[in-house]
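Protein chains: 6
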Amino acid sequence: MSKADAKEYMVKKEPYYYPIGDEIDRYEAAYDVRMPIMLKGPTGCGKSRFVEHMAWKLKKPLITVACNEDMTASDLVGRFLLDVNGTKWQDGPLTTAARIGAICYLDEVVEARQDTTVVIHPLTDHRRQLPLEKKGELVDAHPDFQIVISYNPGYQSMMKDLKQSTKQRFGAMSFDYPEAEVESQIVAHESGVDAATAERLVQVAQSSRNLKGHGLDEGMSTRLLIYAAQLITKGIAPVAACQMALVEPITDDPDMRDTLGAAVNTFFA
Amino acid sequence: MSKADAKEYMVKKEPYYYPIGDEIDRYEAAYDVRMPIMLKGPTGCGKSRFVEHMAWKLKKPLITVACNEDMTASDLVGRFLLDVNGTKWQDGPLTTAARIGAICYLDEVVEARQDTTVVIHPLTDHRRQLPLEKKGELVDAHPDFQIVISYNPGYQSMMKDLKQSTKQRFGAMSFDYPEAEVESQIVAHESGVDAATAERLVQVAQSSRNLKGHGLDEGMSTRLLIYAAQLITKGIAPVAACQMALVEPITDDPDMRDTLGAAVNTFFA
Amino acid sequence: MSKADAKEYMVKKEPYYYPIGDEIDRYEAAYDVRMPIMLKGPTGCGKSRFVEHMAWKLKKPLITVACNEDMTASDLVGRFLLDVNGTKWQDGPLTTAARIGAICYLDEVVEARQDTTVVIHPLTDHRRQLPLEKKGELVDAHPDFQIVISYNPGYQSMMKDLKQSTKQRFGAMSFDYPEAEVESQIVAHESGVDAATAERLVQVAQSSRNLKGHGLDEGMSTRLLIYAAQLITKGIAPVAACQMALVEPITDDPDMRDTLGAAVNTFFA
Amino acid sequence: MSKADAKEYMVKKEPYYYPIGDEIDRYEAAYDVRMPIMLKGPTGCGKSRFVEHMAWKLKKPLITVACNEDMTASDLVGRFLLDVNGTKWQDGPLTTAARIGAICYLDEVVEARQDTTVVIHPLTDHRRQLPLEKKGELVDAHPDFQIVISYNPGYQSMMKDLKQSTKQRFGAMSFDYPEAEVESQIVAHESGVDAATAERLVQVAQSSRNLKGHGLDEGMSTRLLIYAAQLITKGIAPVAACQMALVEPITDDPDMRDTLGAAVNTFFA
Amino acid sequence: MSKADAKEYMVKKEPYYYPIGDEIDRYEAAYDVRMPIMLKGPTGCGKSRFVEHMAWKLKKPLITVACNEDMTASDLVGRFLLDVNGTKWQDGPLTTAARIGAICYLDEVVEARQDTTVVIHPLTDHRRQLPLEKKGELVDAHPDFQIVISYNPGYQSMMKDLKQSTKQRFGAMSFDYPEAEVESQIVAHESGVDAATAERLVQVAQSSRNLKGHGLDEGMSTRLLIYAAQLITKGIAPVAACQMALVEPITDDPDMRDTLGAAVNTFFA
Amino acid sequence: MSKADAKEYMVKKEPYYYPIGDEIDRYEAAYDVRMPIMLKGPTGCGKSRFVEHMAWKLKKPLITVACNEDMTASDLVGRFLLDVNGTKWQDGPLTTAARIGAICYLDEVVEARQDTTVVIHPLTDHRRQLPLEKKGELVDAHPDFQIVISYNPGYQSMMKDLKQSTKQRFGAMSFDYPEAEVESQIVAHESGVDAATAERLVQVAQSSRNLKGHGLDEGMSTRLLIYAAQLITKGIAPVAACQMALVEPITDDPDMRDTLGAAVNTFFA
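Residue numbers (full-length UniProt numbering), protein chains in the order written: chain V, 1 to 269; chain U, 1 to 269; chain G, 1 to 269; chain Y, 1 to 269; chain A, 1 to 269; chain S, 1 to 269.
To be clear, the hints were calculated from the coordinates, so they are not data collected in a lab.
Some hints here could point you the wrong way.
In this list, chains with the same sequence are indistinguishable; a pair is considered to hold if it fits within one copy or across any two.
As the list claims (entries may be wrong) - Derived SDA-like pairs: lysine to any residue, alpha-carbon spacing no greater than 20 Å straight-line: (1) K57 <-> K135; (2) K234 <-> L58; (3) K212 <-> A237; (4) K57 <-> I20; (5) K234 <-> D32; (6) K234 <-> D75.
All of these numbers come straight from a predicted model, not from anything done at the bench.
Only chain V is shown next, with the shape it has when bound in the complex:
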């Protein structure tokens, strides 16, 4: 990413985001002091969309990194590549973000090895620096640079948690599924389904969310509701659409499928 510039990472058009509370004000206050931010909440509730919206609103470039267990510090920071003239340094996404003043969003950061996340530490305290140890360079972060991480406290295993010394470098904002009315509007807006159907889909989702921890790891996400609504608009019968988009994806357990199927029938059959 050596010749990356800020423009490439600008969010081109306004992402649809429906505010739940004062989260936009809070984020702006945090950004004002460039406080690192941690977004907490269940799968598919809109964390990534929110960051994208804020980057668009603040007119700052956004660099997103989907974290995973095999990600090394070099994947974030950069590495030497072989070139005709020998080795050439190539910035990783974190370094690029620090140089161009982007918001760097580390999605599902608990997936990364606990100790890989240590490389963000010098960027998250008063130093705001990133030492490129392999290159022998000390990058001072651009004044606009901010770091944002997300994680899902619901299904993180015992083995995967952030270290206290990482957590205590972040302000935190909790997200959850929107209120029923808001969620129905989102589903209708994103899929083109009618309001009544959207409401019923949300009711199905809510019954599933009550089963979290009682046989389900997670309830149905807003994203899945939009999938179901889209299938309905394409002519699939509502019960079949719910089966395909809401029930089948989240469980393999026959009893749980019956339970969820009954919920679908309650609202659609």
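We have chain V already, so just place chains U, G, Y, A and S on it with the hints.
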């Protein structure tokens, strides 16, 4: 795969596929909105054949990746190779599929490390993008691109399951062995065996499928029935053909072999 | 193996093989439909010899791969090597076999990592293709190509077993030690020992095979009997030869050595 | 870091540091005899700031390394890189520090693999040497060189501890959160919040610190108090600011959040 | 080892070896038929010396490989190295031995990963071939080639044992410490100590060997006796020499040291 | 280390060493017959200093290797490096020592992987050879070459111990902390503190050593006593100096700190 083009990945001739229900309509509705699809079902029941059939029907290129535990994100996304002029980027199959607008089919995706599958996330939400972090490029998926994954809920171990944040990005379709009559037709069509023999082979398979979870990990698949039928058409005695194609491959347990052997004798001796 | 051709892999002279039953007919029927074959049976009972014999009989090239835990998919499929002009692709043994139409014999396939074996899947169903993902090439198997694997159900550990989705791609043939009379003939033929001594060696082996699972992991193989017979023809006393070739190799347990020593004395002292 | 010189690593401006006791005198005495120093204490209590302050006060360059589990000895010592003329050695941060006479600060050293830390041994006894085994060079440390490590005895796991043979090479200094009065001054100084608010924030923190080991891994750090104060100065209501900067970051447990929320309300509602 | 020739690996002068029984005849008979040989026995009892002696006696080159857990198949077989003209193949020790007709001695073969040892299989049956899969070459073993392995059944762990399919490719010869009289002669011959002292050293060793499995993993080896004798000839008092060469090396347990010290005093004080 | 010569590794000036018993005579006798030597004893008791002293006394070069878990056989033996003319071999420290006739000191050898230590075997028996398998060279050790290893039986874990086949290649010498009087002299000599203070520091250390195994992994080492004495000479109050150099480094347990603090007060307050 840098110079790959769509033609190379077109399915040349219609794959034989016998529809069980409305799965073709459902898939087409899902493809219309480019919904990522998850195919669930036991070994050898026709999931791969179905995707191939749909790619042929929709006239879209198909790129299949057999997933495995040692597959890295780079195997999917691409890597730098050494060239006379230094390093050269080579797209992986996922990137090629995103560029040329192929259906990308990740077969047995639970075999891949949970966190390798994280690289497909940005391609499965509203972004439809694939960041090539090592290259510093953000690939916008071709409008025709769709992602399909398969997995077998029956034998996935505790250690191997998709993460909720992955599952909730997919609509799902369940597959199972076809009805007896349909399966007989398939066996006869694919092997050239007569209808009566095909029916008896299906009856053997069905007794084995009732033993799943009672000493057998899986029942006999349609594929094995076709093998047995082919051996019969080549002159092997039916009991010996069943032994070789149906019983020996699926169990090493002497008692279970006797049980299955008795089932074979019931229908063929 | 880029310039390998079929001739190099032809079996030059007829390997000595003594048929036990109709295994040659069964194999030929399976080869006729290019069915993938799995050979099951204990150590040293002649599985490898049988494949070699069939390759010779069918006049097809044979490529044997001794599988092991550290074998990667690249070891089977091929890899890029560095050359004066940059990187050059080199086919692995599986790819060579698919190109030249060889019988590819994966010996002791359970030793390979379960998921490495996944790379053979597209070669074992109707596709008969091998995708070289790293090279971006899709190899269509030569019409003569067939895949054969061997495994020993006796000592495979809990950790090492083929996946059902692999097993159900193969017809299977079970092997065991030959009948006493046949085995004596083989021992005499291969070592030059007289018939009476060969018979007594077989009797020793049979007592050991009854101890399998009762303190012995495996009984004495035909190969070890030939070793003992060879030592006898070189002038070593039969009891000493049995000690060296039959008893010492298969156990370190003093009690078991006494038991087996007693069996040796019964027939030779 | 081959052309690094001391100037690049000088601390340019005086870091704000509020002394708690005689730690500055103790450190200077230890530095006088170049004794290796180990700083112990909880997350965010000012260990890194203290080292920076001492480096500034002593006018010595400071090289900080954030340790992590994947850090190899080569990351500390250096490695060969490929160049137009073949391989070229590049010093790692420890080697650079030894050459230029810097204070080398290994932050969170317990994160590094126990045995990677072995490479610092010859620099921490009478030898004061660093053998670059791969290069075949024996570096004698610059007379100004000193090594400082930090670790947090509070959350180190059973698996992660320094070896006795490493510990016994260091003098040690314990750090803790400052007294309430001092901490309030720090919070006010760093955030610009008024003294009364700063005091109340410290009171919240102190209640959380009493919960350490009773449901909390760590209490709220001084750094988090400054975050909360900064949000307040940006117009966020104190209770919301505390929620975002003090409560949410340190726990995901609903009961603990209620308990901490009650503490916040006691002082701010 | 590409230009290695047989001369380099000839044993130049007769190694001192004192035959215990008919092991030389047995080995020669086995070599006559090129039977692979497994040497079993405790640490330091003379297995390596015996192979060296036989190589000298048979006038065959000897290539010894000290096996270890990290040894890969490539370490045995060979690998591509980078050269001015690209990559160049370099034979490993096993390949060199197969080409030049050496005795290849794999010392402590159980240390190698079980599956690395699989690469020797095709060299240990009727094929006597070594497939260099990475190079695409099939090496036919030189008529003089023989493979010899050693292992110590005494301390092999549960985790480390040869597979049956490996064991059943070898004839086996057991070694043990020599009879007292013979061992005394060896100790005297190798160290120059007088016969009486040598006898007493052997008596000390024998008491330790009775403790094997009762607090000692192994008794004192002949090699250690020679060490003790050498120290005595250099003027160290016998009790101190025994302490240094016999007791300290084999145990860290204070009680066991007392027990062994008492044995030393019985014979020397 | 390809152009290393003996001079670079000579110990330039006499290291301070205070003999405890006849260890110098014993070592010289062992060196006379080039017996490999194992030094056993607790952390910081002077093992490394002793080897350095002996190398100085015998006027032999000394090459020290701090062993660690990630050390490979190549780190000891050498490897190929890429050069303008292709690959170039570079001797590792063990090979250099064998070539130039140095004493090769492997410090904390139990840290190395058990099987990496196997590479030293051929250098520790009558062969005195080091096979460079990757280079195809057999290095005959220089007549002056000797190998010395150290290990600390006190804290070696169950997982880390030398193999019997390694142990039985070494004579062994046990070290412990010196007698009180001697230790006081060492402390006074190395720090410049007065005799009375040195004695009291030794008394503190001795109380801590009695706690070994009763809450302490190790007692205070001589090195720590020297640290405390140095701080005192720099003007730090004795109690504070003891806290910093003796108590804090060796324990994080509050009770144990109180116990040790009381011991300090007994002698200094």
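Going down the list of hints, with the structure as the test:
1. K57 <-> K135: neither (35 Å within a copy, 28 Å between copies)
2. K234 <-> L58: between (37 Å within a copy, 16 Å between copies)
3. K212 <-> A237: neither (27 Å within a copy, 33 Å between copies)
4. K57 <-> I20: Close inside one copy (16 Å), not across copies (44 Å); limit 20 Å.
5. K234 <-> D32: between (45 Å within a copy, 8 Å between copies)
6. K234 <-> D75: Close neither inside one copy (41 Å) nor across copies (35 Å); limit 20 Å.
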